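Protein chains in written order, with the working numbering: chain A, 14 to 151; chain B, 2 to 141.
Hints in this document: simulated from the structure, not taken from any laboratory.
Accuracy of the hints is not assured; some may be wrong.
What the hints assert, rightly or not - Straight-line alpha carbon distances no greater than 20 Å define the calculated PhoX-like cross-link-like pairs of lysine-lysine that follow:
#1 A:K15 <-> B:K135
#2 A:K15 <-> B:K122
#3 B:K127 <-> A:K15
Quick caveat, the model's predicted, so the values are computed rather than measured.
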Amino acid sequence: LKVELPIEAAFRLFTDGINRWWPLLTHSVGEEQAETCYFEGWVGGRIYEVMKDGNQAEWGRVLVWEPPVRVTFSWHPGREAQTAQQVTVTFSEVPGGALLDLVHSGWETLGESAQAIWENYQTGWDFVLGKYASQASS
Amino acid sequence: LDFVAKFDRPWRTVRRLFERLREGPCSVSELAATVPVSQPAVSQHLRVLKEAHLVKVEKQGQQRIYSLNPTGLAELRHYVEAFWEDALRAFEVEAAWVAQGAANAQAEAASRKGPRTEETKSSLVKRLSEDQAKQEDHDE
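Work out the full structure: start from the sequences and follow the hints.
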């Protein structure tokens, strides 16, 4: 995914600015009860939503914090932390903006384990992991 | 690093359980032999995986035999794909919105009277969708 922002601004919008763009209504534990969400910018920082009644739901924790190029976080929204997968988002500088690459790596491992499924869905998975990269490089 | 290890360890266990199950169906005791955690801990992982429809269990005599559940794995994959695609789409829209705001501010500073390129958020979403459709045509 390519965005027309300097790499620092893109990284900041993705993390500190998550409440500006995250689709809370459809992508949250509380759905219509979800009010806002936060992304704490340090190792061990929490990524969580706050609901209208003040309750919080943790989505994950920051594992690697290397602004403005890389952030890795555990990911377990609505689930126990021990079932967490990992998401790594990397940013790189390209002419006219920044390139974002997202890898949900826990799932990848599950996919590789179930070889038949992996093969069936290879095309679909390429879409998610490769589409944005190919878009920006074309 | 402690933090990484703390979160990584349970996941590594699950991963090894999956790797064992990929080789074929097996019992809890066989699964427990492949990881450095207790059998009750393995049972708990399996219970979570079963509730998530990622593994299934069959009774064979006295034993419970676990295997991967292809249906649940496919469902999860679909869900994850759609989930991040939608989220990143929202990010793309906001980034374009911010970029445009910055460009407008710059243009305004350069010429106070100059015409501004106004674009509403909904027309921005529409334009981005059209760009994406074009890109998909190009890909095919």
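Against the 20 Å threshold, does the CA-CA distance of K15 of chain A and K135 of chain B hold or violate the hint? holds, 16 Å
For a C-alpha distance cap of 20 Å, please report whether K127 of chain B and K15 of chain A respect it. holds, 17 Å
Checking one constraint from the list: CA of K15 of chain A to CA of K122 of chain B, max 20 Å. Satisfied? holds, 18 Å
In this structure, every one of the numbered hints holds.
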